[in-house]
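So the sequence lines, in the order shown, correspond to chains A and B. Counted the way our numbering counts, the first sequence spans residues 1 to 373. Counted the way our numbering counts, the second sequence spans residues 1 to 51.
One or more hints might be untrue.
So the derived list for chain B, only partly shown, Cβ under 8 Å to chain A, looks like this [to be verified]:
1. P7
2. L23
3. D25
4. D29
5. A32
6. A37
7. A43
8. G47
These are computed hints drawn from the structure, not numbers from a lab. All C-beta atoms, glycine included, are put in the ideal place defined by N, C-alpha and C.
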Amino acid sequence: MNFRLWSLIHKWSSLICTLFLLLLCLTGLPLIFHEEIEHLSGEVEAPAMPADTPELSMDRIVAAAQAHRPDKVVRYLIWDAHEHPHVTLANMAGSMSAPPDDYWFVAVDSRTGAVLDEPNERGFMYLMLKLHTDLFVGLPGLLFMGFMGLLFALAIVSGVVLYHPFMRKLDFGTVRRRRTRLQWLDLHNLIGIVTVVWALVVGLTGSLNTLVMPLLGIWQGDQMAQMIAPYRNAPPLETTGSVQTALDTARHSVPDMEVRFVAFPGSLMSSPHHYTVFMRGNTPVTSRLLRPALIDAQTGELTDSRDMPWYMQALLISQPLHFGDYSGLPLKIVWALLDLLTIVVLSSGLYLWLKKRGKRREELLDEATEAQA
Amino acid sequence: MKIWFWPIVLGLLSAAALLVGLLFDNAWDEVATLMLALPVGVALWFGWYRR
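All chains, please: the whole structure from these sequences, using the hints.
Printed below as a string of structure tokens:
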């Protein structure tokens, strides 16, 4: 092992990413519990009604949202039957081609068509999300954070390599408390090595998630383009047909799946001639994946439906592994504790670097391995 | 090899916890949570409680 080389790799990969990683850990902490926080902070729910109250046609829901905001168009309808039963969330914008960030949510009761709320406050959780993802600068910010995640992974790998020389004369779990610097070195090594798999998985899945926009672009040029190829020379739609018919066709064509959201014709996630209905399965894994069904917006007939390509599946399956939201509150608490432990590893690493500047690294290693507990 | 015994055991447990939680539901969720809590417990025990 080349101790000097690995020390250099560990030092520089860590130094560059540490401050951003601290920001990610701090902002990630409330984000782990975003569902709980949103429930507590009074997110709107559909009022109680008899359980068998039927839902309206989604065309009436669209009309209700449209009547409420006549200056906007509906781009997506989104459902989450588990978190928000009987609520249809309409994602509206000034025009179909407005940028993705330019959205306005209207929550409509799926049974009555009543507008329940317009949940657009950009409060604390929004701030946390922006600082955690794109630093308010869009795609460049996302990709930058993704690169920081890769440096973090490199810091972890080099840290594992360095664990051996530092620990070769010590028992597992030794923390020498007589000198502050040795104590923090031992804590850094101990906590770093026991959380290594979690940190690596969360770091790399986070980096993968920053690629969502480029991967969507590839999907559109690849699978989406193949599916809508027959429409390449079709004239633009004059009027769009029923979204309810599109939903019925999708449910009929792809049984045993639940509709997650529908993208309207001309929106980023659809084609100019289709409603694209995104369905999810009902097993722990398939509920995380999406299967698009393209429905001709004029005739309401199925054009095509395929499983998403591997890179989209990889992205979707990496999300729960980053968010820790696939089990329940106990897992989220463990996730938060691991996040806090990562903060200890990051800050002790920074402290050790500040303390050791000016000394040669071989001296430090001798000192660290020879001073016994 | 002695150096790596516990890190490897805890690493395998964490990896198994992440996969089990993702692939199975219900009781397995609790199993996964407990498995992933183990590294946290080890860190707290050696790091803070054992003096």
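Exercise. Which numbered conditions among the earlier hints are violated in the structure presented, ordered from lowest to highest?
Worked result: Of the numbered hints given earlier, the structure breaks none, since each of them holds.
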